[in-house]
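K.L.:
Mind docking chain A on chain W? Use the hints.
Going line by line, the protein sequences match chains W and A.
In this text, residue positions in the first sequence follow the working numbering: the first is 1, and each later residue adds one.
In this text, residue positions in the second sequence follow the working numbering: the first is 503, and each later residue adds one.
These are calculated hints, taken from the structure and not from any lab test.
Treat the hints with caution; some may be incorrect.
Claimed, not checked - List time: in silico DSS-like cross-link candidates among lysine-lysine, alpha-carbon distance up to 27 Å:
hint, chain 1, residue 1, chain 2, residue 2
1, W, Lys393, A, Lys725
2, A, Lys532, W, Lys463
3, A, Lys752, A, Lys668
4, A, Lys532, W, Lys256
5, A, Lys532, W, Lys298
6, W, Lys358, A, Lys584
7, A, Lys668, A, Lys748
8, W, Lys304, A, Lys519
9, W, Lys401, A, Lys668
10, W, Lys76, A, Lys880
11, A, Lys584, W, Lys395
12, W, Lys395, W, Lys304
13, W, Lys24, W, Lys73
Said to hold, decoys possible - Listing some non-contacts, in silico: residues in chain W with all C-beta distances to chain A over 10 Å:
hint, residue
14, Gly108
15, Asp114
16, Ser115
17, Ala119
18, Ala153
19, Lys181
20, Ala211
21, Asn346
22, Pro361
23, Gly411
24, Pro426
Since the structure is predicted, the reported quantities are computational estimates derived from the model, not experimental observations.
Glycine included, each C-beta is placed from N, C-alpha and C at the ideal position.
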Amino acid sequence: MKTYDVIVVGAGNGGLVAATSTAKEGFRTLLLEKHNLPGGCATSFVRGRFEFEAALHELCNRATSPKQESIDKIFKRLGVDVPLVYETALFRAIVKGENGYDVVMRPGYDGFLDSIEAAVPGCRDKVKAFIDLIGVLDGAQDYIDEKGINPLALYNQYGDFMRIAAHSTKDVMEAFGIPEKAQSILGTYWGYLGPPIDDLNALHYISLLAAFANTPPAMPYHRSHELSLALVKALQGYGGEIQYNSEVTQFLYDEKGAAIGVIANGDAYYAKKIISNIIPHNVFNRSDEKVIPTAAKKLANARKFGMTFVTLYLGLDCSMEDLGINDYSVFISSDPDSRVQFNQRNNFGMYVVNCLNKALPDSSPEGTCTLFFTIPYMPGDFPENLAPQDYKKFKNEIAEKYIRDYEQTMGVCVMDHIEEIVIATPVTFARYLGTPEGAIYGYASETWDNVVSRSALKDLENKIPNLFFCGGHAARGDGYPSAYITGAMTANDVIKELRRGK
Amino acid sequence: MDKKRNVEQFSRADFVKILTNRLKAVAGGKNAPVSDLYSHTPNKLAAALHPAVQHLKVKEIIEHNPDMKSFLFAPDTAAGTKSLAWFSAGQYIVIALPVNGKLISRPYSIASSPRDTLNGTLRITVKRVDGGIASGYMLDNWTVGTTVIASAPLGDFTYEPLRDAKTVIGIAGGSGITPFRAFAKAITEGDEDFSLILLYGSRTMADAVFSDEITEMAKTCPKIKLVNVLSEEKVKGCENGFITAKLIRKYAPKDEAYSIFLCGPQAMYDFADKEIETLGIRRKFVRHELFGEYFHPERNADYSGDITKTYRLTVRIAGNERTIDCPADTSLLRAMEAAGINAPSDCRSGRCGWCHSQLISGEVYVPQSVDGRRIADKIYGYVHPCCTFPLSDVTLDVPPIPYG
Chain W
1 MKTYDVIVVG AGNGGLVAAT STAKEGFRTL LLEKHNLPGG CATSFVRGRF
51 EFEAALHELC NRATSPKQES IDKIFKRLGV DVPLVYETAL FRAIVKGENG
101 YDVVMRPGYD GFLDSIEAAV PGCRDKVKAF IDLIGVLDGA QDYIDEKGIN
151 PLALYNQYGD FMRIAAHSTK DVMEAFGIPE KAQSILGTYW GYLGPPIDDL
201 NALHYISLLA AFANTPPAMP YHRSHELSLA LVKALQGYGG EIQYNSEVTQ
251 FLYDEKGAAI GVIANGDAYY AKKIISNIIP HNVFNRSDEK VIPTAAKKLA
301 NARKFGMTFV TLYLGLDCSM EDLGINDYSV FISSDPDSRV QFNQRNNFGM
351 YVVNCLNKAL PDSSPEGTCT LFFTIPYMPG DFPENLAPQD YKKFKNEIAE
401 KYIRDYEQTM GVCVMDHIEE IVIATPVTFA RYLGTPEGAI YGYASETWDN
451 VVSRSALKDL ENKIPNLFFC GGHAARGDGY PSAYITGAMT ANDVIKELRR
501 GK
Chain A
503 MDKKRNVEQF SRADFVKILT NRLKAVAGGK NAPVSDLYSH TPNKLAAALH
553 PAVQHLKVKE IIEHNPDMKS FLFAPDTAAG TKSLAWFSAG QYIVIALPVN
603 GKLISRPYSI ASSPRDTLNG TLRITVKRVD GGIASGYMLD NWTVGTTVIA
653 SAPLGDFTYE PLRDAKTVIG IAGGSGITPF RAFAKAITEG DEDFSLILLY
703 GSRTMADAVF SDEITEMAKT CPKIKLVNVL SEEKVKGCEN GFITAKLIRK
753 YAPKDEAYSI FLCGPQAMYD FADKEIETLG IRRKFVRHEL FGEYFHPERN
803 ADYSGDITKT YRLTVRIAGN ERTIDCPADT SLLRAMEAAG INAPSDCRSG
853 RCGWCHSQLI SGEVYVPQSV DGRRIADKIY GYVHPCCTFP LSDVTLDVPP
903 IPYG
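The following block holds chain W by itself, in its conformation from the complex:
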């Protein structure tokens, strides 16, 4: 019988940090991964002479307050050292149509405010007040992380937190009198979290925006695979084990319904605590239904799956300079209103194109560059009865449509230079991530299920004794930092219970 203190299921970002954290504290830790590589989304792949980043647009790296968790801090604590390159621009946003615009936003607190002022004269102070809310929010968040939700204390000490926590990003921008165009520019990142700004929790969005405004976004030099391998190295350095090609097909429970182990490759592994980096839906489907508490089932069934994407990876036989590409990250939209962008997401509503060579000139061979298109998809967008024989055509039609639109918008010629092309769809993500609908963002961060409400009622999610969750579907929502942070937070909870002998 193989027994451990902790078994972590899934070596995505959350699982890697969780396993490394428990191993570091001396607990016998086994990390089981269904693929032959670590990382989940945080990976890369090789085609011809190109190595493509699979998922990462940029790391939102720094904390906005000294107490806040961040990738920096987590990596430092775990002894993970991955050099990062910082971008010189936040993003370029091109909105087509009548009320369109073409704006480049600079990073750094002042750079950010200066560029929004240049784009929308007279809005600087209002935007400043909006971004500065991060101070209030951080204070409250730190308080909650330390002492939990105490409505009365929060009411007195963190009034503004209480005021805006239940409101949308748009509501709060309106409250500050931020002009529509500035709202649109500030809202550019909505796709990083999922819902358009009229539905996107203000607190959640401000924390993302403030982090990006305060510290330039960063990329690892050698794609996300480097981040994942660095974490594996740390895990192994602390005596933890990682086992690949080992999909957990069953979760095991004792007669009281407490998690006690898992089955992978037909072998049983037992542990005092199980941390799942895989989405609760998949855990429940691999568990005896009787042990799943009613509240957990109702929560899971009430939720919607989060965003997924169609992504295009192009290796071009021409440098970005020769093509006339100047930006790392371009957001292209058909309308300034993020609700319209969201609704038209399959028809040029909003998509992002990244040219990694801008941030990392050596990321592809000399005289070449890569482009990475990200086109939002929501569950249900994928044609329901698409037959396998029609899939290739379907993929190529989407790719052609978007490449043509990009060429037209940017006035560049891409199609003729395609040396390598990979088109990923929700089917690809369903294959590699195994999530329902190929969801990348876990559960949708909709009004009632945003990160604030998840944190406020955390116990709803963790009803099964000895079973914990971390990752993009967990309390902090999607994104690399969120997944890493929930990995660290969950490991802390587990370590506390183990130390108490619970």
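P.N.:
Same frame as chain W, now just chain A:
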């Protein structure tokens, strides 16, 4: 700032909505098992396109000559494969073979068309290779009814409409014809849309398997043209000699770009690549099928080892550890196979990454031309054992082949 125009307009009591909304939404959730994974369209389609394994059964054997046979498979429904996975013409499957009590695996291009899968047919064509244990095993042992375990379709030797030219010059040598049979048939069936001009190199007409069949396809499909290039025989209507730049120019479109797809033995690549270089066509228009097993690392200028040595290879796999011999001229994968260690492998050419393993200790040599690793793999010490050769004693951590 105007009081009404900032957060003061919201009430602190609004916070309660966070809790009540969530509790209300959860209360409205169904108290029922969560949805089955495969009730979701993308998951269903992913499973259909990329099954973990395909259980196959030989349903027909066609003998082309004493050393070459086509095996036609049906899905082995009794073993759990209800239908065959759709694929892109040009892809391959990996066949697992129990030879002398050891499991070995080999990739084979699919010779049938994607549409044939809908009729329950998948075809590979196997040629006897000198000393080849896999080809010998299949040719000598397989009969109608033999059951076989194969992978899902794999590989990127496929036609990509946004990348490749409208015309493809196919250069095939020997059994390298098989993926081109799939391309040609897929064109006639409307699943691929490009013009294929196939330059097919054989020693004699008798060796040119599928030549008649593809010529037949070309009669009714103007997008297909076959040119037999015979090195040891002069036949009317065929070219004589090798596939040279001059020959490619003769058949290639004159005033538009074309792609070149190559599939054949290493000797053919060595010859054809030099010829193609003189054509001055862009790199993106030249695509090779897998190079296949790598031999003779010592022939590379950057090889620094002693090829006559034999090293100790310690393999950690699925919680077990074994130490075996690995001669310097043998890939880590082949050494493991020879010792009966069941290690993952698919393309055997350094490209697919399925054999990705962690180098715990030791020095190794990876020929540059087949080093398909990610950059971070090189930094953190991971290798593809299928094209990695020992320069010292080596310890390797290998993932198990997944169960099922």
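K.L.:
Now tell me if each hint is right for this structure.
P.N.:
Okay, the hints, checked on the actual structure:
no., hint, in the structure
1, W:Lys393 x A:Lys725, "19 Å, holds"
2, A:Lys532 x W:Lys463, "17 Å, holds"
3, A:Lys752 x A:Lys668, "17 Å, holds"
4, A:Lys532 x W:Lys256, "23 Å, holds"
5, A:Lys532 x W:Lys298, "5 Å, holds"
6, W:Lys358 x A:Lys584, "48 Å, violated"
7, A:Lys668 x A:Lys748, "21 Å, holds"
8, W:Lys304 x A:Lys519, "20 Å, holds"
9, W:Lys401 x A:Lys668, "18 Å, holds"
10, W:Lys76 x A:Lys880, "23 Å, holds"
11, A:Lys584 x W:Lys395, "26 Å, holds"
12, W:Lys395 x W:Lys304, "25 Å, holds"
13, W:Lys24 x W:Lys73, "15 Å, holds"
14, Gly108, "24 Å, holds"
15, Asp114, "20 Å, holds"
16, Ser115, "22 Å, holds"
17, Ala119, "21 Å, holds"
18, Ala153, "12 Å, holds"
19, Lys181, "17 Å, holds"
20, Ala211, "20 Å, holds"
21, Asn346, "14 Å, holds"
22, Pro361, "15 Å, holds"
23, Gly411, "19 Å, holds"
24, Pro426, "4 Å, violated"
Comparing the model with each numbered hint stated earlier shows that hints 6 and 24 do not hold.
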